[in-house]
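Peer 1: Sequence lines, in order, name chains A, B, C and D.
Here this note's numbering is used: position 145 in the first sequence is 416, and no number is missing along the way.
Here this note's numbering is used: position 277 in the second sequence is 548, and no number is missing along the way.
Here this note's numbering is used: position 30 in the third sequence is 301, and no number is missing along the way.
Here this note's numbering is used: position 288 in the fourth sequence is 559, and no number is missing along the way.
Treat the hints as calculated values from the structure; they're not laboratory data.
There may be inaccurate statements among the hints.
Chain copies aren't distinguished; within one or between two, either way the pair holds.
Calculated lysine to any residue pairs in the SDA-like style (CA-CA distance at most 20 Å, straight line) [stated by the list, open to error]:
| hint | residue 1 | residue 2 |
| --- | --- | --- |
| 1 | 473 | 431 |
| 2 | 568 | 530 |
| 3 | 473 | 436 |
| 4 | 563 | 531 |
| 5 | 563 | 550 |
Nothing here was measured: the structure is a model prediction, and the numbers come from that model.
Listed below are the residues making up each chain.
4 protein chains.
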Amino acid sequence: MQIAFIGLGHMGGPMAINLHKAGHKVQAFDLATAACEHVKAAGVQIAASGEAAVKGAEVVISMLPASQHVEGLYLGRDGSGGLLAHIAKGTLVIDSSTIAAATSQKVAKAAQAAGLAFIDAPVSGGVGGAVAGTLTFMVGGSDADLERARPVLEKMGANIFHAGAIGAGQTAKICNNMLLAVLMIGTSEAMSLGVANGLDPKVLAEIMRRSSGGNWALEKYNPYPGVHENAPASKGYAGGFGTDLMLKDLGLSQENATAMRASTPLGGLARALYAAHSLAGHGAEDFSSIIKMVQKKG
Amino acid sequence: MQIAFIGLGHMGGPMAINLHKAGHKVQAFDLATAACEHVKAAGVQIAASGEAAVKGAEVVISMLPASQHVEGLYLGRDGSGGLLAHIAKGTLVIDSSTIAAATSQKVAKAAQAAGLAFIDAPVSGGVGGAVAGTLTFMVGGSDADLERARPVLEKMGANIFHAGAIGAGQTAKICNNMLLAVLMIGTSEAMSLGVANGLDPKVLAEIMRRSSGGNWALEKYNPYPGVHENAPASKGYAGGFGTDLMLKDLGLSQENATAMRASTPLGGLARALYAAHSLAGHGAEDFSSIIKMVQKKG
Amino acid sequence: MQIAFIGLGHMGGPMAINLHKAGHKVQAFDLATAACEHVKAAGVQIAASGEAAVKGAEVVISMLPASQHVEGLYLGRDGSGGLLAHIAKGTLVIDSSTIAAATSQKVAKAAQAAGLAFIDAPVSGGVGGAVAGTLTFMVGGSDADLERARPVLEKMGANIFHAGAIGAGQTAKICNNMLLAVLMIGTSEAMSLGVANGLDPKVLAEIMRRSSGGNWALEKYNPYPGVHENAPASKGYAGGFGTDLMLKDLGLSQENATAMRASTPLGGLARALYAAHSLAGHGAEDFSSIIKMVQKKG
Amino acid sequence: MQIAFIGLGHMGGPMAINLHKAGHKVQAFDLATAACEHVKAAGVQIAASGEAAVKGAEVVISMLPASQHVEGLYLGRDGSGGLLAHIAKGTLVIDSSTIAAATSQKVAKAAQAAGLAFIDAPVSGGVGGAVAGTLTFMVGGSDADLERARPVLEKMGANIFHAGAIGAGQTAKICNNMLLAVLMIGTSEAMSLGVANGLDPKVLAEIMRRSSGGNWALEKYNPYPGVHENAPASKGYAGGFGTDLMLKDLGLSQENATAMRASTPLGGLARALYAAHSLAGHGAEDFSSIIKMVQKKG
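The shape of chain A in the complex, shown without the other chains (with noise of 0.2 Å):
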């Protein structure tokens, strides 16, 4: 199948890969050349634009870093023509950017209302998923588009959840990634404070993580140093998934909390939490590093 694939960031470089390792014909276009340079390294062809990138494509993907990228694209933007001028008429249009889903709405719109197919799917994984193949998707759209999608979500992850109509994916992505943020700071208080009692932190962790505390942090990513050997928090907060980006992704999730009139306490303290964190200086660390705020420095 041949498969146009645009911005080859952290996250797209490794997911084109996958699909070019799988036997697709796979043309990628990034604007930053560095980065399309690595993918090329790894066999992939590089299209000379995003219109070229689109040429032939039965199924088109973007991997873009935010709600304005996206619209920019597909919709143009100062005047600019839009790439959904471009897509030949009955390709599916996979848009795996974690943006606002009003912004996914208005792009699949458009693609319809220019005979294309469109569906969501952002991504929970991180890097490591991305390289390994083993994201999750989040999609958004009807049965058919998501059907039409499987057998080349399939060679990028492992997971494949079907959210419910367009944007649906995005919603659901910001929902998990809120309680994720929540969930990870709750932990780091409960750990601090065990340990400011004179507990044990791997036996604390073992108690919480088979009771009713349990929770995805305690199973795999604890954010006290030493009690998962392979979780950042082991590796000077290395690697994982950025504070940064859990702060955008946050944002995304207050937007819409906002734009709802929803009420999300812990949610929008979990925000404000991380954007101190960042302004601190930890913006570039992994978000299990919030366990510092709760901390003696030294």
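Once you've looked at the hints, dock chains B, C and D against the given chain A.
Peer 2: Frame of chain A, contents of chains B, C and D only:
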């Protein structure tokens, strides 16, 4: 084995009955006659007083509402002597009340001075676990004392964790329950936000359960009605673990955090939200009813 | 002076009337006929359309509910042209709506391109201030444009602050109102905690007012019933500044904080608490009714 | 009048000196020799012990760090007798320490049983106010006892508030200081958000001071450097009221709120943020340095 059991409330009553059923000679006591009657009906022998209950006992177990009751029972109050003076040297005292770790340590010190062994062994698992004999015990004390207690605890519970030295059982419990409150509120926010955006609650719950937002509430105790058939949320928030009991445990965690000068932003906010929920009249409902605070009033 | 006034709601209506009373020739317009009738009864001339209202006007004033209305009015929506094209070059446009600073800047840019002067001039002071002509204006724009607007603004308000360049009026207002929400909730908590401990509300309010807890709410708008005879709290929380209006302003502040990656832990929590208060059915009550959230339900 | 003064720290020292300067015969005592030396140098007579200090005193004043010190002083500790037994019947005891209201009530009860009069009279105003004799006293106790204390208090302070019965002075103080912490953080957030949007800090501060966001911090203690020339913010956050002292007072307010099952969402969050600020190494800086948490690290 002869066992004295003091405190026959919703938790203590079924615990004493399980020990009796297991063949132990139980001498039970509670200041409330009604509580005694219930246990007596199950065949347990009722003592005339605490002093009478502990006479000849090899193990003394207490299950009382709060710190001041445990301190009053063992050390005495307002000039009246405490029960410790009436317990034979060498006896093992197991306090299963959920109280301040500092109080456990104070009572333990006095018990040891009187030649007694002492462990703190608060439980989780609720009334259901107490009746079924499947409680989780979080134990603070020496290895030797825990091993001595184990055969007795195993008649009442399914999991026994050794948290550390005396008081560590209490600390582990308040850390766990603080984290539980945080993830219950966080899950409530995420579910409500997703549903406000049009997602199906069961679909969203399943996606997050299998993703990085996964936690105990999503596993078996979803606060959204209808997701888990047997959860309190699907039964009008009846049964389960009451809002006011959660508020009590959050109070203990905040007392401890305050004394330790620890920072628990989400844990402290969880306490304030449960306090507001109780003030609004939901104190007797299951603690998962906190989701009502972030949903449109029906 | 001939003035066009667009938007005749609870705020805009009395503002237009005050300009009329001051001797200006006002041409007013609102899409809602009822709003027009009310203003017409006071002697103000009603125009048949926005275009008709601005014909011959030296100053155009708008007072609309939200960003999308202001953008729609001046720039047009869904292909229909905006009002800017109908306003004579050199005219001064004053937008007194409370909207996103980014929208003010966008409209200002288009206005300037069309040869018009523009300032953002959101107000505080509520309906009472609009009727009495004692509003506070927070103005963004050039010194020259503000001086040109001053004689008109003085007919509607008692205080005119120059906050900075275009958009700065909006920013000053959301900063102020975020702080107002925080101090109203904080005052509610302090009053409730003191009264729960047996203190007399008037005595406590007076002590804090004259101490370092002193703030605007303690000065004239105490949320505890009976402390200030004329405050909404003493009148069943009727009148004043509604919970849903405060929620809107807090939404604007959080949109801005999210876009800026700013950390506003108390401001964000205030938004979540006002959202919960609105969900619980208190949206139409004065915003000081938030004290109900931290008090035992009557 | 002969006055015993116990506790000669940063606050107690200058208070004792002011009483001496006013012509009273002061017998002062502190366990720390250094504190005594400082006061002795100002001409105050130093007693050899607490018992010696109260001998012949008509009024006894204490100014100690925390609840346990006050209880230990007057009621004794670990079996040793307390100072109450050494004070002549009829003497007035004034405790100006900031401690738990419950401790004030406990000591007052014992004092009354010993034939003494007692009032709690915690202060605000900081070291500057103590030196200048311009402290604010918040008094709990009877009218008669307050009138008896007034001439003495007036030598040390400028404002004397009668908050209510015994313990009410303490309650008023923790309510006030909880509110102060909330408005200081809220003001920090509003100032930082405005400046991030390009506003001039002095202009924004002045607009909010004169609007509904007005509060004590905007009046004279702005946390943004350079707005108030004499505020700690303009002097590297030196002097003033330290972060760790604010954290202590917030701890007292949260102990009380927890015991009362009161809901204080902003007050509780303020405590957690100050605890994090102290953990990050800012404990000795003025409490307005909390603004650093919501600003980009320099």
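Peer 1: Please go over all the hints and tell whether each is borne out by the structure.
Peer 2: Structure-based check of all given hints:
{"no.": "1", "hint": "473 <-> 431", "result": "between (33 Å within a copy, 16 Å between copies)"}
{"no.": "2", "hint": "568 <-> 530", "result": "between (38 Å within a copy, 19 Å between copies)"}
{"no.": "3", "hint": "473 <-> 436", "result": "between (43 Å within a copy, 15 Å between copies)"}
{"no.": "4", "hint": "563 <-> 531", "result": "between (32 Å within a copy, 16 Å between copies)"}
{"no.": "5", "hint": "563 <-> 550", "result": "both (13 Å within a copy, 9 Å between copies)"}
When held up to the earlier numbered hints, the structure conflicts with none and fits them all.
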